[in-house]
Amino acid sequence: MRNVFSPLLPTTQGRRFNRRTVLTLLAATPVILSSAARAQSRPIRVGILSGEDEDIWHIVQENARTAGLAIEAIPFSEGTPINAALAAGDLDANAFQHGPYLQAQNTALGAHIVPVGNTYFAPVGFYSKKWTSLSALPQGATIGVPADPTNEGRALKLLQSLGLLKIATVPDGMPTALDIAENPKSLTIKELDDPVLARSLPDLDAGVVITEWAYKAGIDLNKERLARESMENNPYINFIAVNENNAHAPWIQPLVKAFQQPNVREKLLEAYHGAIIPSWS
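The letter at position 201 of the sequence shown is residue 201 when you use the working numbering, and the numbering goes up by one with no holes.
Where hints are given, some of them may not hold.
Label-pair ranges, simulated between beta-carbon atoms [said to hold, decoys possible]:
| id | residue 1 | residue 2 | range |
| --- | --- | --- | --- |
| 1 | E182 | L269 | 34 to 40 Å |
| 2 | G51 | L162 | 26 to 32 Å |
| 3 | E62 | D203 | 38 to 44 Å |
| 4 | S77 | S281 | 18 to 24 Å |
| 5 | Q261 | D203 | 38 to 44 Å |
| 6 | E182 | E266 | 40 to 46 Å |
| 7 | M231 | K185 | 25 to 31 Å |
| 8 | T142 | R42 | 19 to 25 Å |
| 9 | S135 | G110 | 43 to 49 Å |
| 10 | P184 | E266 | 40 to 46 Å |
| 11 | Q139 | P262 | 17 to 23 Å |
| 12 | P184 | A88 | 42 to 48 Å |
| 13 | Q261 | G51 | 27 to 33 Å |
Treat the hints as calculated values from the structure; they're not laboratory data. Glycine included, each C-beta is placed from N, C-alpha and C at the ideal position.
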């Protein structure tokens, strides 16, 4: 997540609607307006990642529309600017991140963004195009991990759970390669940006890759996966997030409810071929 671009420039042809346009659209749609929708003079602007999530949010938008809530899903090519746009008020909500990442972003931005409803769990996987088992990894193997602090720590914790190394306890819970305490296989840890890491897997012995990027890079999530993390007691569940002062706004519950529906669950499983796990009950 290193590319920098203006959060005001979505990557696809989204458009912002003025009050007159919204009222015209709603007047043409035979729905019963909720109090939340009546209180809104424009669509709720939600920042998402481009790609499969756009297909997911088409369904969320339809679900919300039947309740009288208009949503504008604004896609970004990567995640770093999405929280900045939300903190600045250019978005009303976003849906792409987990708790440790948000914690780091709130600190970096001086923001007060909070989660309001779970979406899905994207377990990180340990993938290899050269080796078919953990035991086959050679001494001195080169292992790729995400370069951003939150996901690097997540990757190292997975490698520790697999018995490949041990990491020291760090105050913020986000270790880096500098915090490796024991490395019995003399692994070389290579830090790479998420999209680069996913595309570089053929040049590595193995890599811990975020599910979305593994999917986009054409990694075979079943045949090339050596291991993946469990959702149980996992802090890396994704959610819808908003600025703290909007946490109890009247449109929050309809927005979350529009996502947490059976048709969205079905689309998540279809779009990501079972690699993404819906995380609401």
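Results of checking the hints against the structure:
no. : hint                    : result
1   : E182 / L269: 34 to 40 Å : 38 Å, holds
2   : G51 / L162: 26 to 32 Å  : 28 Å, holds
3   : E62 / D203: 38 to 44 Å  : 42 Å, holds
4   : S77 / S281: 18 to 24 Å  : 32 Å, violated
5   : Q261 / D203: 38 to 44 Å : 41 Å, holds
6   : E182 / E266: 40 to 46 Å : 44 Å, holds
7   : M231 / K185: 25 to 31 Å : 27 Å, holds
8   : T142 / R42: 19 to 25 Å  : 50 Å, violated
9   : S135 / G110: 43 to 49 Å : 47 Å, holds
10  : P184 / E266: 40 to 46 Å : 44 Å, holds
11  : Q139 / P262: 17 to 23 Å : 49 Å, violated
12  : P184 / A88: 42 to 48 Å  : 47 Å, holds
13  : Q261 / G51: 27 to 33 Å  : 21 Å, violated
Consistency note: the structure conflicts with the earlier hints numbered 4, 8, 11 and 13.
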